[in-house]
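Visitor: In case you want the letters, here they are:
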Amino acid sequence: MACRSSIDFPGISGKLPPMEPTEAELIAAVLKGDAASFEPLVQKYSPRVFATARRYARRESEVDDIAQEVWLKAFEKLGSFRGEAPFEHWLMRMTVRTCYDILRGHQRNREATFTDLSEPENDWLERFAAAPESAGDNEDAAKLLIGRVMEKLSPQARLVITLLEIEDRSVKEIAELTGWSVPLVKVRAFRARAEMKKILAKMGTEKYL
Amino acid sequence: MNVTRRGDAASKTMSRMNLDELHTKLIAAARADAPADRVPYAFEKRVSALLASRVAPHALDAWVTGLWRAAVSCVGVAALCGMLAVITSASSAASSDDLVQNLDSTLLASVDQTDQAQ
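In order, the protein sequences belong to chains A and B.
Per the working numbering, residue 57 is the first one in the first sequence, and the count goes up by one each step.
Per the working numbering, residue 89 is the first one in the second sequence, and the count goes up by one each step.
Heads up, a few of these hints could be off.
Partial selection, computed: residues in chain B whose CB lies under 8 Å from chain A [as the list claims (entries may be wrong)]:
hint : residue
1    : ALA137
2    : ASP149
3    : VAL152
4    : GLY154
Counterexamples of contact, computed for chain A against chain B with all Cβ distances above 10 Å [stated by the list, open to error]:
hint : residue
5    : PRO77
6    : ALA80
7    : VAL98
8    : ARG111
9    : PHE131
10   : ASP193
11   : ILE202
12   : GLY260
DEER-style ranges, computed between Cβ atoms [what the hints assert, rightly or not]:
hint : chain 1 : residue 1 : chain 2 : residue 2 : range
13   : B       : ASN106    : A       : GLU207    : 51 to 61 Å
14   : A       : GLU223    : B       : ALA130    : 47 to 57 Å
15   : A       : ASP224    : B       : ARG134    : 25 to 35 Å
16   : B       : CYS162    : A       : GLU207    : 51 to 61 Å
Everything labelled a hint here was simulated from the structure, so no lab data went into it.
From the three backbone atoms N, C-alpha and C, an ideal C-beta is built for every residue, glycine too.
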């Protein structure tokens, strides 16, 4: 691993502790064939990768698989990292795109029924229908319901809603993360909101009819 | 069971349900539920082990690719040599036929002349 050795300075007794290699140094070392230099990068950025993967994964075991795939891809494509933007941005682009691929893989398994809502979810919906202010948005039932709704969205819609509305990112940021053009993000955001509204209407209809 | 009455009640409830507000509430719920960023123990070691197991076959892959390329170029050179051999043998066969005829006519020229004289 490329690591700076301790330096002796005249007039200063003892040795300075060895400095941590910078990100650029680690990346350069990996590109030269030192795979061990990749480990500090994995250690540093895994929390962000895991947090993003948890937004899209269906199970915790799937989160591990997504994160692993992201890092393997990052290692393979590290040569394409030009260093113009921070490594974290490049990695997050890869993470979002991997999550999108995973969502597309799940597309066939989506079922559009809300017949199996739990008691707290039903209760929350009833309270919302009676008086919206009585249904708090920080309740577990609301969190479960939004989870269900997100699972029923198409991959594109889910990605856009997550990035735009839940993570509160700008259209430009989403375009950079997804590789879509800005107008395309806007079109997909419009469609995603419409799709979500349709799903919410279906949820209400199935509950009350 | 009075289905119509239940249907009416349902449609009243549905009309009361403001979908835009429901959307806002649920998105707020999702925002409040930020995913955890915990990483499994020794995850980076697992990734490193995976990478190491992938790097070794890559070195072998380079050899295999090199050998395949060498084999293909060998076959190409062999085919070229074969073609050249066929072409040269065909042309040499034609020229050797001419040589035989010339030799025959030269050797038998005196015999031919004798025959003509008689």
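Visitor: Compare the structure with each hint and give your call.
Guide: Status of the hints after comparison with the structure:
no.	hint	verdict
1	ALA137	violated (10 Å)
2	ASP149	violated (13 Å)
3	VAL152	violated (18 Å)
4	GLY154	violated (18 Å)
5	PRO77	holds (15 Å)
6	ALA80	holds (19 Å)
7	VAL98	violated (4 Å)
8	ARG111	violated (5 Å)
9	PHE131	violated (6 Å)
10	ASP193	violated (4 Å)
11	ILE202	violated (4 Å)
12	GLY260	violated (5 Å)
13	B/ASN106 with A/GLU207: 51 to 61 Å	violated (23 Å)
14	A/GLU223 with B/ALA130: 47 to 57 Å	violated (29 Å)
15	A/ASP224 with B/ARG134: 25 to 35 Å	holds (32 Å)
16	B/CYS162 with A/GLU207: 51 to 61 Å	holds (57 Å)
In this structure, the hints that do not hold are numbers 1, 2, 3, 4, 7, 8, 9, 10, 11, 12, 13, 14, in rising order.
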